[in-house]
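Fit chain B to the supplied structure of chain A, relying on the hints for placement.
Protein sequences appear in the order of chains A and B. For any residue, its number in the numbering used here is found by taking its place in the first sequence, counting from 1, and adding 1351. For any residue, its number in the numbering used here is found by taking its place in the second sequence, counting from 1, and adding 4.
Watch out, some of these pointers could steer you wrong.
Some chain A residues close to chain B (C-beta under 10 angstroms, calculated; not the full set) [said to hold, decoys possible]:
#, residue
1, Asp1355
2, Asp1356
3, Gln1358
4, Ser1361
5, Ile1362
6, Arg1365
7, Thr1368
8, Trp1371
9, Asp1378
10, Cys1381
11, Asn1383
12, Val1385
13, Leu1423
14, Gly1442
Each computed DSS-like pair below joins lysine-lysine, with the alpha-carbon atoms no more than 27 angstroms apart [to be verified]:
#, chain 1, residue 1, chain 2, residue 2
15, B, Lys359, B, Lys423
16, B, Lys426, A, Lys1438
17, B, Lys284, A, Lys1376
18, B, Lys76, B, Lys128
19, B, Lys260, A, Lys1376
FYI, nobody ran anything at the bench for these hints, they're computed from the structure. Where is the CB? At the ideal position from N, CA and C, for every residue including glycine.
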Amino acid sequence: MPSDDYQIRSIVRRILTHRWIDTQKVDFGCTNGVVYIRGIIRSESQAKLMEGTQIKSDIKLVRHIEDDIRRLPGVRDVVFDLLDLKKTGGGWVSRER
Amino acid sequence: MKEKILEKLEENLERMVKNSPHYADLHNRLGLIRAYQKKWEEAQVSFRQALEINPTYKAAMTNLAYCLLRLKKYPEAEVIYQKITKLFPKEVEAHNNLGFFCLQAGMLTLAEKELRKALVLEPKNPLFHRNLGFVFAKEGKQKEAGKEFAVAQYGYRRYGDLLGRLKMIITAKENFLDSSFFHPNFAEIHKEIGDFYLSQKRYAEAKKEYAEALLYRFNPADYHNSLGSLYARKGQAKRAIEEHRRAVRCNPKYGKAHINLSYELSEQGKLTEAMFEFKKAIKLHPQYADLHYDLGLLYQRKRQYEKALNEFRTALKLNTKYAFARNSLAYLLLQRQRYEEALKEYRKVLRLRLKSADIYLNVGIIYEKKGQVPLAYRYFTKSLELNPNFAETYPRLISLCLQKGNLKKAKEYWEKYRKLRK
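Only chain A is shown next, with the shape it has when bound in the complex (with noise of 0.2 angstroms):
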């Protein structure tokens, strides 16, 4: 059966855009049904608001976006791997740079 890797990932795509997520910061790809997410969510509105300042990701943001692939068809599993952030026991904490 043929991958559904494009598929996914455009999907992806438009859950991050439909977030308002500032895709300049985040990449993301998709290998066999394993969606992997790199860089820094945050929403677009805040990137703009927030020009000059630390950049954080938002960490309701990037729950919404997990809960979000992970309901998609064909994803296997979901993998972050964030600047600033890192997942502990189920949930998210500060990572200490």
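What follows is chain B alone, placed relative to chain A:
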């Protein structure tokens, strides 16, 4: 409605003033109500009466000066402002107001002097720098004006007021500067404001700004592309596709529009058309690794595996650290049973710090196929360390444990697998 309320307020205040004519505050308030109704002459009288009662009443003085400016009685306004600045030398707003209105009246030397005084008190205030910039621009001192606007811009950015910054540039340009001086493309600013509104979900205002940009000979392709993105954000896919198509028609060499159009088309399941647009975009931007990666995935979806492998490799030539493309390449090689090549690519993927239970599982499978069981076992266990809920690893591990005769471990994994399946 608003006018009626103001009229009633005025009547009440007039009555109160008649009853207590010695309260300066009442006269000042009456003046303000009249000023709201743009009855400048009557407002002026009220403020003067307030000042007769209390000659150092700051608010009444400022209001009177403003009234006089509206009545275009500039010399009188100037006298009042000077009085304020003498009585209250640290009243920074008075210096700024005096400076700004002197600027409007064309008294540029005095305007510069007052604005400089305001800047001594608040050297980082972007508004004061902006006004001083206007003074210089009117005097024809383009270099100095540019410098002040730049400082103001920096100040607005520091305050996070992007909109203020952009509006300032527009006002500056509309009022004083020639189009090439401050910003190379005036229409771009409207577009930028439009983008800002779009990010704030203020669609109507964004659309208005884009239309404004079009008036300033803004590239129509860019306009349609922005509008397409706006519709895409709103979830109106058909209209988004329409606008992106218009953008492409306006400028067939507009790569960004081709890319957006291909994404929209693929979301609608129109893969052949999407591929056509991708190819066009790649022709225009052959250096974008991301586009090659997407096209590779699209070929993979259409079972054109060799073409997919080529696209992934091109993406990796352009960006050797593109972990996602390398991972997809490794997976496709594994699918094609080219284990040695796949293993080589997976090693590079792990070096790029892209880790997942699936990647370790796949590396384990390759070792298993090569007959290197201990290594396969190691990678399967690593896969579960990373994600104990990754069900697909368990059958592999159980099978290896059974091969090794380790029934206890096999049973343990079986129990966990059974729980996950439930």
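Consistency of the hints with the structure:
1. Asp1355: Holds - the Cβ of Asp1355/A comes within 10 angstroms of chain B, reaching about 7 angstroms at its closest.
2. Asp1356: Since chain B brings a Cβ to about 5 angstroms from Asp1356/A, closer than 10 angstroms, the hint holds.
3. Gln1358: holds (7 angstroms)
4. Ser1361: Interface hint status for Ser1361/A: holds (5 angstroms vs cutoff 10 angstroms).
5. Ile1362: Holds - the Cβ of Ile1362/A comes within 10 angstroms of chain B, reaching about 7 angstroms at its closest.
6. Arg1365: Result: holds, 6 angstroms to nearest chain B Cβ.
7. Thr1368: Since the shortest Cβ distance to chain B is 6 angstroms, the answer is holds.
8. Trp1371: holds (7 angstroms)
9. Asp1378: It holds, given that the least Cβ distance between Asp1378/A and chain B is near 7 angstroms, below 10 angstroms.
10. Cys1381: With a closest approach of 8 angstroms, the Cys1381/A hint holds.
11. Asn1383: holds (5 angstroms)
12. Val1385: Result: holds, 4 angstroms to nearest chain B Cβ.
13. Leu1423: This hint is violated: Leu1423/A lies away from chain B, its Cβ roughly 13 angstroms from the closest one there, beyond 10 angstroms.
14. Gly1442: violated (16 angstroms)
15. Lys359/B / Lys423/B: holds (25 angstroms)
16. Lys426/B / Lys1438/A: Within the cut-off at roughly 25 angstroms; holds.
17. Lys284/B / Lys1376/A: Holds, because 26 angstroms separates the two Cα atoms, which is no more than 27 angstroms.
18. Lys76/B / Lys128/B: violated (31 angstroms)
19. Lys260/B / Lys1376/A: At roughly 18 angstroms apart (the allowed maximum being 27 angstroms), Lys1376/A and Lys260/B satisfy the hint.
The structure fails to meet hints 13, 14 and 18 from the earlier list, while all remaining hints are met.
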